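Enquirer: Below, each chain spelled out in residue letters.
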Amino acid sequence: MIAVGKRAREIAVVVATLILALYVLRVSAKNPGELSVLDRGILRLVSPAQKAMSYVARGITGVAGRYVELTGVRNENEALHRENRQLRAELMEMRRLAEESGRYQRLLGLRDATPAETIAARVIAVDASPYFRVARVEIDRGEGTVRRGMPVLTPEGVVGRINRPAGKTSDVLLLVDPRSALDIIVPRTGGRGILKGKAGENGYRCSIEYLARGEPVKEGDAVVTSGVGGAFPRNLAVGHVTRIIPGAVGLYQDVEVTPDVDFARLTDVLVVVAPPPAPDPDPGSHHTPGRGLAVIK
Amino acid sequence: MRSAATLLVAYLLLILQSTVLELAPVHMAVPSFGLLVVLHVGLSPKWTLSSSAVIAFATGYLFDLVSGAPQGVHAFVFTLMALFARALTRRVAVNGIVLGAATSFVASLLASFLIVVVRAQVAPEGGYGGLRQAPLEAVLTGIFGPLVLSLFRRLDGRVDTARSRVGLTRGPRGGGGTSLSMSMTDRR
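Residue numbers (numbering that gives the first Met the number 0), protein chains in the order written: chain A, 0 to 296; chain B, 0 to 187.
Honestly, the hints are just simulated from the structure, not real lab data. Quick caveat: nothing in here was measured; it's all calculated off a predicted structure. Errors might be hidden in some of the hints.
Below, a list of computed lysine to aspartate or glutamate pairs in the DMTMM-like style, where the Cα atoms sit at most 25 Å apart [to be verified]: (1) A:K50 - A:E98; (2) A:K29 - B:E124; (3) A:K197 - A:D259; (4) A:K197 - B:D155; (5) B:K45 - A:E9; (6) A:K197 - A:D261; (7) A:K50 - A:E255; (8) A:K5 - B:D155; (9) A:K50 - A:D267; (10) A:K50 - A:E137.
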């Protein structure tokens, strides 16, 4: 009798857990961008650990990278080897500093050139699951200014948009996530379409939907933002056409796009916190983009 | 105590999973450490059915937060996977490296399939794509599986009470009352 009661209690807990999971799913499907107080609290605990782990991981990668570089010169004689190692280490450090400086300069250039208010953010985690292409960023300042749907950019192009803001950190839905949709233009043909992420590809890929067959694109064609919707500024680089899938029937072309942003190497990004100003009534005096802005003219 | 320790290690593994890409030469897939936690609680005779389901839910919920997935996707799938693991123990004694790796591999494939199906229900715009990633993720999970499962077995051993160390404890799968704790082979 006791055994039966215990068994029934076990099953009741399991069923309750499953129902709770389904309830959470339902709430999440209704309000995908909202986090509960509990979620925010958990994220506040998780984010510092993620940041610390990311810092350590980058450090280890740097050390490992240097080791790999140095093993190639082991066969040289000892004197040259020592000198070479020292010079290489210095050179690598200089390159690293130059690269970092260049990255920040490009980011500053992008910030100056973007016709909208932006804040900088640092990527602290990426792609924990291959089925959801999401990065987590920590903003520099202005906690609470980031909202769902705000565009996220790098000097190379569009990264995605804010999905779940939580205090100083936010989830960024990358362009390559299947839930992402972005209104784009192919400047060479003027064709417009919707850029969607391709889930679970062995690479970061997107496809264009609703691109009319009457405006045929070619491989290598640039793809930029259309500015429709007002969130993303116009003419920001998005990617390049890498494949036109033959045999598609219907009104629209089947086109694959490789984003200009290397999502595997994301480190620093800009979040557009205010939309660009209204179009200039005098079309003769355009805003001139600054250094580093990936704007296609 | 056991649950708290398991959740703490699960938390650390999930943090590792969300940042491990910095170290990985392939940036497309990582082993599913969260799933391995769930497999352990499902396979281990030291966990009751209900506690393994609750731990699986908590791990999945945490993973949803860490990974940016819609809340509930992994919580639901991981709970189902805990039940799958428990059902598996009725037929197979998952002992040793090969069986541990094979179970992790198969469970990862199954979990991937379930995640894609549940994702398609919650976020229909994502469709059913994405299963191309599943084999690589399953291979990585299979490689890390025996290691992580062994780590959790050791952890379980360390948090055992003095009574259970000498073999006197309430059997989690027994019908109540004090009984000798049994290994999986014994029960079979």
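Enquirer: Name the hints, by number, that the structure is in violation of.
Expert: 4 and 7
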